[in-house]
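Undergrad: So the protein lines, in turn, are chains A and B.
So the first sequence is residues 1 to 186, counted in my numbering.
So the second sequence is residues 1 to 787, counted in my numbering.
These are computed hints drawn from the structure, not numbers from a lab.
The reader is advised that the hints may include incorrect statements.
FRET-style restraints, in silico, Cβ to Cβ [unchecked claim]: (1) 4(A) with 60(B): 37 to 43 Å; (2) 63(B) with 108(A): 40 to 46 Å; (3) 51(A) with 67(B): 22 to 28 Å; (4) 713(B) with 108(A): 30 to 36 Å.
Straight line, CA to CA, 27 Å or less: simulated BS3-like cross-link-like pairs of lysine-lysine [unchecked claim]: (5) 178(B) with 94(B); (6) 280(B) with 217(B); (7) 60(A) with 131(B); (8) 60(A) with 75(B); (9) 186(B) with 94(B); (10) 75(B) with 280(B).
For glycine and all other residues, C-beta sits at the position ideal for the given N, C-alpha and C.
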Amino acid sequence: MEMSGEFRIPAPKEKVWSALNDPEILQKSVPGCQSITKLSDTELEGAVTASVGPVRATFKGSVVLSDVNPPHSYTLTGQGKGGPAGFAKGVAKVALSEDGGFTVLRYTAEATVGGKLAQIGQRLIDGTAKKLSEEFFGNFSAILGGGKTAVEPAAATAQPGVGLSPAVWIIGLILVMTVMTLLFVL
Amino acid sequence: MSSAIIKPNGIGAAAPRKEDYRFITGNGHYTDDINRPGQAYASFVRSPHAHATIDAIDFTDALAAPGVLAVLTGKDVAADGLGGLICGWLVHSKDGSPMKTGAHPILALSHVRYVGDHVAVVIAETAAQAKDAAELVNVSYGELPSVTAVAEARNPAAPQVHPEAPRNTCFEWELGDKAATEAAFKTAARIISLDIANNRLIPNAMEPRAAIGEYDKGTGIYTLHTTSQNPHVARLVLSAFVGVAPENKLRVIAPDVGGGFGSKIFIYSEETVCVWASKKAGRPVKWVADRSESFVSDAHGRDHQTHAELALDANGKMLALRVKTIANLGAYLQLFSASVPTYLYATLLSGQYDLPAIYCEVDGVLTHTAPVDAYRGAGRPEATYVVERLVETAAREIGMDPAEFRRRNFIRKFPHQTPVIMAYDVGDYEASLNEACRLIDYANFPVRKREAEARGMRRGIGFSAYIEACGIAPSAAVGSLGAGVGLWESAEVRVNPTGSVEVLTGAHSHGQGHETTFAQLVSDRLGIPIENVEIVHGDTDKVQFGMGTYGSRSGAVGMSAIQLALDKIITKARKIAAHVLEAGEGDIVFEDGRFTVAGTDRGMAFAELALQAYMGHKFPTSEIEPGLKETSFYDPTNFTFPAGCHIAEVEIDPGTGTVRVVKFVAVDDFGNIINPMIVEGQVHGGVAQGIGQALLENAVYDPQTGQLLSGSFMDYCMPRADDLPSFDVGVTVTPAPSNPLGVKGCGEAGAIGSPPAIINAITDALGIRDIAMPVTPERAWRAANGL
Numbered sequence: 001m002e003m004s005g006e007f008r009i010p011a012p013k014e015k016v017w018s019a020l021n022d023p024e025i026l027q028k029s030v031p032g033c034q035s036i037t038k039l040s041d042t043e044l045e046g047a048v049t050a051s052v053g054p055v056r057a058t059f060k061g062s063v064v065l066s067d068v069n070p071p072h073s074y075t076l077t078g079q080g081k082g083g084p085a086g087f088a089k090g091v092a093k094v095a096l097s098e099d100g101g102f103t104v105l106r107y108t109a110e111a112t113v114g115g116k117l118a119q120i121g122q123r124l125i126d127g128t129a130k131k132l133s134e135e136f137f138g139n140f141s142a143i144l145g146g147g148k149t150a151v152e153p154a155a156a157t158a159q160p161g162v163g164l165s166p167a168v169w170i171i172g173l174i175l176v177m178t179v180m181t182l183l184f185v186l
Numbered sequence: 001m002s003s004a005i006i007k008p009n010g011i012g013a014a015a016p017r018k019e020d021y022r023f024i025t026g027n028g029h030y031t032d033d034i035n036r037p038g039q040a041y042a043s044f045v046r047s048p049h050a051h052a053t054i055d056a057i058d059f060t061d062a063l064a065a066p067g068v069l070a071v072l073t074g075k076d077v078a079a080d081g082l083g084g085l086i087c088g089w090l091v092h093s094k095d096g097s098p099m100k101t102g103a104h105p106i107l108a109l110s111h112v113r114y115v116g117d118h119v120a121v122v123i124a125e126t127a128a129q130a131k132d133a134a135e136l137v138n139v140s141y142g143e144l145p146s147v148t149a150v151a152e153a154r155n156p157a158a159p160q161v162h163p164e165a166p167r168n169t170c171f172e173w174e175l176g177d178k179a180a181t182e183a184a185f186k187t188a189a190r191i192i193s194l195d196i197a198n199n200r201l202i203p204n205a206m207e208p209r210a211a212i213g214e215y216d217k218g219t220g221i222y223t224l225h226t227t228s229q230n231p232h233v234a235r236l237v238l239s240a241f242v243g244v245a246p247e248n249k250l251r252v253i254a255p256d257v258g259g260g261f262g263s264k265i266f267i268y269s270e271e272t273v274c275v276w277a278s279k280k281a282g283r284p285v286k287w288v289a290d291r292s293e294s295f296v297s298d299a300h301g302r303d304h305q306t307h308a309e310l311a312l313d314a315n316g317k318m319l320a321l322r323v324k325t326i327a328n329l330g331a332y333l334q335l336f337s338a339s340v341p342t343y344l345y346a347t348l349l350s351g352q353y354d355l356p357a358i359y360c361e362v363d364g365v366l367t368h369t370a371p372v373d374a375y376r377g378a379g380r381p382e383a384t385y386v387v388e389r390l391v392e393t394a395a396r397e398i399g400m401d402p403a404e405f406r407r408r409n410f411i412r413k414f415p416h417q418t419p420v421i422m423a424y425d426v427g428d429y430e431a432s433l434n435e436a437c438r439l440i441d442y443a444n445f446p447v448r449k450r451e452a453e454a455r456g457m458r459r460g461i462g463f464s465a466y467i468e469a470c471g472i473a474p475s476a477a478v479g480s481l482g483a484g485v486g487l488w489e490s491a492e493v494r495v496n497p498t499g500s501v502e503v504l505t506g507a508h509s510h511g512q513g514h515e516t517t518f519a520q521l522v523s524d525r526l527g528i529p530i531e532n533v534e535i536v537h538g539d540t541d542k543v544q545f546g547m548g549t550y551g552s553r554s555g556a557v558g559m560s561a562i563q564l565a566l567d568k569i570i571t572k573a574r575k576i577a578a579h580v581l582e583a584g585e586g587d588i589v590f591e592d593g594r595f596t597v598a599g600t601d602r603g604m605a606f607a608e609l610a611l612q613a614y615m616g617h618k619f620p621t622s623e624i625e626p627g628l629k630e631t632s633f634y635d636p637t638n639f640t641f642p643a644g645c646h647i648a649e650v651e652i653d654p655g656t657g658t659v660r661v662v663k664f665v666a667v668d669d670f671g672n673i674i675n676p677m678i679v680e681g682q683v684h685g686g687v688a689q690g691i692g693q694a695l696l697e698n699a700v701y702d703p704q705t706g707q708l709l710s711g712s713f714m715d716y717c718m719p720r721a722d723d724l725p726s727f728d729v730g731v732t733v734t735p736a737p738s739n740p741l742g743v744k745g746c747g748e749a750g751a752i753g754s755p756p757a758i759i760n761a762i763t764d765a766l767g768i769r770d771i772a773m774p775v776t777p778e779r780a781w782r783a784a785n786g787l
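Based on the sequences and whatever the hints tell you, model everything.
TA: See below:
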């Protein structure tokens, strides 16, 4: 499933880009970050503990970077595995642009989730996705904006279909992106 | 054999259920209530993918985790030479070839084939430690594309479930006379056709599956406590096919079981692993499914796609029925998987109607979904749905009252040989139809409809004149159709020296109330209080081989076995009584629990006779053995054919799409009735499940990823009390001639008869031809608004 969305971060583009390259900032921003290991310049793995309703698991993620074009855009390909809790995997294209004093982070992504996340997550994922993304970008913006935590809510759209509800994919994406973003520059 | 006067707690009495006191006071003994010394716990690592190769399993971390005793995988199963799980029914395709499927390993070896498939098991000191460690098992999967939808499975481009079954086709089966059917269709004045889906269901017994395996090093005997509907069959499969232990070294106990609905007939990986692992770990091993595991790993039900056509002559007389069904079998065949969409389905397609010709084709397909097998009704709900939707549609399209159309086509002479194997022995279909019409006040429906319209509601009425086959089944008959077992039942009646009685039955009660109804039979026949009768079931060490409970068979087959054993008890007791009372055997009268010499005041109570039987002082033990215990194995001579008429009235709010079942009448002919209260309870439960299927329940797999989307009660909607009206239940009686009690079986009728009644009522209310189950408010709203 494909989806897209954007976040508005109260800082200029260069600052956002360099922050996305700052492991300390990212680590502080990612909720539930456990560990990070750099495998090569473009391959990384890490662990994030996340809860979706009653499903609480440590997702081990790995990510590969490509099409890196500072400070404008990059592509992340990654996957997170949470054992019996399921898995999330996907590809995300992220682009930064400026709008007034804000940087707009736009993403388009394709993601898949499976296992217990897909089985029981549907009704719970909406809230979790919102909470996780708000936490990440809230933390991130707070650090960049010197305490300003105001973040425009994610405007996510997803193609309708018979399959998983958009919310399921979004949480998958968020989990993947959280891991991927975290690992981006390390 | 029904008495003219109903004795207190005898046959026909609404005796309160003996077992309920312990259930409602929390004193039942379910598998999870049982704990064995030194017991460890199992947690299963399940596939998150619908289809994948298992490239590697790294359980180093899991093995090192606190409390972990063992981590076992499919390689260990293979190394120990255990066989896979089996299907006990062999179906052949039209071309004569046997059904095709792959092996069903206890733990997956090279591939996983559905979300929830068993990959590994962790045994640990506590359940929490086992679950924690299971999360540390790192499985490397090679993901493969999957197919879950019944309509897609045979597409040549679809991913293959088993290489042994090309195009995912397990069998292409047929029943009936194709040529006669084609010929009849050529002469038809009208042909009515429908495309019908029977939605996939998840059983959801109140008690999840559970097992405790235990190995005694001293004797080499394994004991398995498990949530089984048929412990002897479980023992047979585990010993003869899986080879986990010899039959004489395996004791299977199915204690109190909280509902089964078919899902606990089958022998699953989990209990098999508990038995096997108990020896490997040197500890008793317990596993209790959590609800999430039940959703993905209990065998599901239904899941058919059908094209059905009915040929009529110019007078509205049925000429022929032609049915083509694709049935989803899931990823592996379970114990009865092959029989449910074939012999338990197409054999009922004649319904209550005099149909000269029927031809049915069923393609059984394999998909990357949980196995599909028997679920309350097992094939008969699917058949009834096809027939009764088609019949109602036909009546509307030829402009005939649906009750009248049915009357015109009812079978009226018995026995009646249908074109699809079954020989109906007795019935009175018009009687149940008329009684149902009376109870629902059919004549005044137009008044109620107008009144509803005035309130802005759309009211509809729908019929379902169902028939089913119960009392499964004559052993030779099912053997000729491919069953791997006989379907008789056994009973042993043990009279104690004090005159109390134990009945050991091969049937298993998991909600049916056998402890009451079976005791009623004994109380009635022997004239002893119901409190003096104990029903023993569910333990292979206590009870001789028996076939278990499913297919509404326990009354017709299990109680008939008890009846025959009681006959033997009474015959022997009369001989003893003759000696003790010093009279000729022919002069001994046994009535109301007393043996008397006819025409005298000499007599003795049943309990006195029992004591004499064990003392052996007053009769020649060289002629009559001491003791009073008799055994019977009863094989029925035919299926029984419960039938009846359900009528539903619904009101639909076109603004919200809410469907409210405002009236529901069920009139059933179950033959003679042992306990009308229990029968009514069975009808209520069955109708609730049927309404659940029609309005609420739906198992959904994501077509792209094969993930189970309806995997919890948040997304899988079970019926609740406020979804249901107060049911009006009535009975008509034609005693079954095929068993000595004249009973037919009532456990499934509600779930069989009700779905088409509901959908017929909804389509009537909305003036539409068809609507897919479950009729959610969204579907009803779209239909009501032409969207």
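Undergrad: Work down the list of hints and note, for each, if the structure agrees.
TA: So, going through the hints one by one against the coordinates:
1. 4(A) with 60(B): 37 to 43 Å: Holds - the Cβ-Cβ distance for residue 4(A) and residue 60(B), about 41 Å, lies within 37 to 43 Å.
2. 63(B) with 108(A): 40 to 46 Å: holds (42 Å)
3. 51(A) with 67(B): 22 to 28 Å: holds (24 Å)
4. 713(B) with 108(A): 30 to 36 Å: Cβ of residue 713(B) to Cβ of residue 108(A): about 35 Å, so the range 30 to 36 Å holds.
5. 178(B) with 94(B): The given pair, whose Cα atoms are some 12 Å apart, holds under the 27 Å limit.
6. 280(B) with 217(B): OK: residue 280(B) and residue 217(B) at ~11 Å, within 27 Å.
7. 60(A) with 131(B): holds (17 Å)
8. 60(A) with 75(B): The hint holds at about 26 Å.
9. 186(B) with 94(B): holds (23 Å)
10. 75(B) with 280(B): Cα-Cα ~14 Å, so holds.
Consistency with the previously given hints is maintained throughout, with no hint failing.
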